[in-house]
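**Q** If you want the building blocks of each chain, they are given just below.
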Amino acid sequence: MSSADYVPSASDVRALPERAYDRLFAGRGRVQQGVIAITLAAVLALVAFGVFAPESTAGRLFAVLTASSTLAATLRLSVPIAFAALGGIFAEKSGVINIGLEGLLIIAAFTGIYATDITGSVWYGLAGGVVASTLLAGLFAVVCIEFRADQIIAGLAVWLIALGLAPFLSSVIYGGKNTASVATFPTLADMGIPVISDGVTAPLPLVGTAPVDIPFFGALFDAGPPVYLMFAAVALSWYALNRTAFGRWVKASGENPKALDTAGVNVHRVRYVAVLLSGVLAGVGGAALALGIGQFTGNGPTMVNGKGFIAIVAYLFGNYNPVGALASTMLFAGLDATQLTLQARDVFNVPTELVRTIPYITVIVVLALFGRTRLPSAAGDHYESGEDE
Amino acid sequence: MSLSQRARDAMGRLVRASGFERFLISASALLLSVLIGAVIVLGAGRMTSCGTAAYTLAFPGSFVTQFTGGDAIFAMGFCYDPIALYDLLFLGALGDILNDPTNGQFATTIAETTILLFTGVAVAVAFRAGIFNIGAQGQLVMGALVTGVVLVSVAPPLSGLGVFAAVVLLPLGLVLGAVAGGVYGAVPGALKAYADANEVITTIMLNFVATSIALFFVSREQFFKDPESFANQTVNLPDAAMFPELVFRARDDVSLLALGFGVAVLVGVWYLLRHTSFGYDLRTSGLQPDAAEYGGVDADRTIVSSMALSGALAGIGGAVYVMMVLGNFQPGVPSYGFDGITVSILAGNNPLGVGFAALLFGILKSGSIVVQVGSDVPPALVGVLRGLIILFVAMPEFFRMAGRKFGSFHQTGEQPVATDGGTGGGVDE
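Here the protein sequences come in this chain order: A and B. Per our numbering, numbering through the first sequence is continuous, rising by one, with the last residue being 389. Per our numbering, numbering through the second sequence is continuous, rising by one, with the last residue being 1429.
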């Protein structure tokens, strides 16, 4: 159904499933259609088992999925991925593929803890993480824009530098790859903000329970500040990209830098701002990740554990749209939360090592099936203005 | 034309030759990384606390004040001494090599070098085909796992056969590692070729998956866990399945045979890339994918086969790690795969250059143990150097600009040397 012959009428109600069908299946390959159909069927079956046969295996899985703690964990785990994904969108839209998001998360996670430890305030810690991540992003920007480095390799270097530097500094300061424990972000109900904190704990007039006690969705009202920052950042990023002059410049810088240059806008400056912005956003995500736990753990792949790379897939899957990126982030984080709950409850006696790989394998499958997104046409290319030199 | 002018011209010509420029860039990148590493060490020395300063920056320095008397006008103490640190890192790795060429520390250096030869050349092969194989780590883990668990069940009945057992078991282990790593490398290759999935992401994800799979199989007694050990590991392999140490002592876990095999593999890969039609297809796909396809190269198949080859080389590295160093399989494999990326980039993705870069990194890895024992500086510093080296090699333009500013080589019509093997390349071009 194209928009031209669409006449609003009383049949709108009937058109809704039709539109949903179009959205899910139209214009897709056989394999994608099949996977979407199977996923839909599986979700429906799971809900049916959950409602009608709660004692069955599928029913118990449904109970795990709908536990309030699962949503809470999903939101918490979404924060670093979503922020890094937003940052990645800005950088890549402007023509700089920032594969070093993982490194930005790592350095921000460590600095967030260190700054909190020194200042005693989680908010200063968050700021410290943002500063560290932005500095590293600045280095990446200079290397890519000024010195025409290969963006992929420079991004890998950013990751490896952070992967070495954070455990190194942790060993210097705390005598081991894991830092000391510091304060964590309080939840909304515990923050003691006059109207809001009372609002979420007081019973609602019609329902009779407090918002925090609502099953499943209650977690939305009892999260830490980073979760609300995440929603705000997604909305702001969407607005900035789609409704402001800066957003148009960023897109033009990635799609047709020459045109932007001709219009009198400095392409290099737009790219610098976009990459620095990706540093700021990833910094919030990384610091929030560490401050949610109150410790930085730096063994092996560190506590960030691939979240920066998952973020890249999240925004590709979300087709560079901040809202889409948030949705796919919630999918990956939801899988991670589910596997954590499965491990903790030991419901099915599944091998934890293999369950842990579910989010990673999903990322690969999603990338293989839906990864054919169109990159900004100048992404990865160096742009040299004719006026330089 | 004066002599200095002529020398300068000759120098300029040399620098313009891409192979030599490559070498200069790698050497400058290394030097710059070491310098910045020293600054980081000094900075870190200010962040920690210690009784007496290990290193003091003063103006005027002690060299002057010892004659003139009095104190320095400005002095700042640091807890770590970068010069002593680099002494431990680079020279410590060689041990007392003049008096005892087979000392334990040098043996460790050789062992590390041997494994880095394989991961380095694995990454280089993929780079040459225009593919970023960040998954050498996962491929090495799979190669090591399969070699370990299969040899554990195959080796004991054969071990009574003496030399004959080694003749059968060593090649078998290498083949097992190659097959496992090759299959694990072909998967992201196929995903890239036929589903357009970015190989950087898929290979990194597969690294995580490989670690989990390895842990799964060796942490359960119904599979391959040694029931008599508290640690997660397989039963030890019999001696017949281990590389013979030849000159070195048995407890140093090093083998000149494995090193020789590694060098032979480097030369083999160099020959393959340079003198065979497969190598030609692989290189043209990396340089000019469109031109390669136009010239009749099956691009998809080249991607899969170069990733399979790359994975197989990393997998052989895993097999050597099991049969030379560990003697069984244990999860928690050191980051040979990531070091392989640096080795390859430092070597300009040239298989023969990998030999030198691997030796350098073998020294760094082995030296970091000396640093851990002999100083307070955390050995994680080597990880920082690894990242810095990649960063600086990735920005040849920086060194060209610096060269233009300080030197007087006028470069006309230069061809930028890309780090991904896209253009330019090593001396073998």
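Mixed in with the good hints, there may be bad ones.
[As the list claims (entries may be wrong)] If you want a taste of the chain B side facing chain A, the calculated C-beta under 7 Å gives, among others:
no. : residue
1   : 1032
2   : 1034
3   : 1202
4   : 1204
5   : 1294
6   : 1375
These aren't lab readings, by the way, just hints derived from the structure by calculation. Just so you know, these numbers come straight off a predicted model, no measurement behind them. Heads up, the beta-carbon is just placed ideally off N, CA and C, and yes, glycines get one too.
**Q** Closer than 7 Å between Cβ atoms is the bar; does residue 1202 (chain B) clear it against chain A? Give me holds or violated.
**A** holds (5 Å)
**Q** Does residue 1375 (chain B) meet its interface restraint, that is, does its C-beta lie within less than 7 Å of any C-beta in chain A?
**A** Result: violated, 12 Å to nearest chain A Cβ.
**Q** Mind checking the CB of residue 1032 (chain B) against every CB in chain A and telling me if the closest is under 7 Å?
**A** violated (12 Å)
**Q** Let me know if the C-beta of residue 1034 (chain B) comes in closer than 7 Å to any C-beta of chain A, holds or violated.
**A** Given a least distance of 14 Å, the restraint on residue 1034 (chain B) is violated.
**Q** Against chain A, run the beta carbon of residue 1204 (chain B) and see if the smallest gap drops under 7 Å.
**A** Holds: closest Cβ of chain A sits about 5 Å from residue 1204 (chain B), inside 7 Å.
**Q** Using Cβ atoms only, decide whether residue 1294 (chain B) comes closer than 7 Å to chain A, and label the hint accordingly.
**A** Violated: closest Cβ of chain A sits about 22 Å from residue 1294 (chain B), beyond 7 Å.
Figure legend: structure checked against the earlier numbered hints; hints not met, in rising order: 1, 2, 5, 6.
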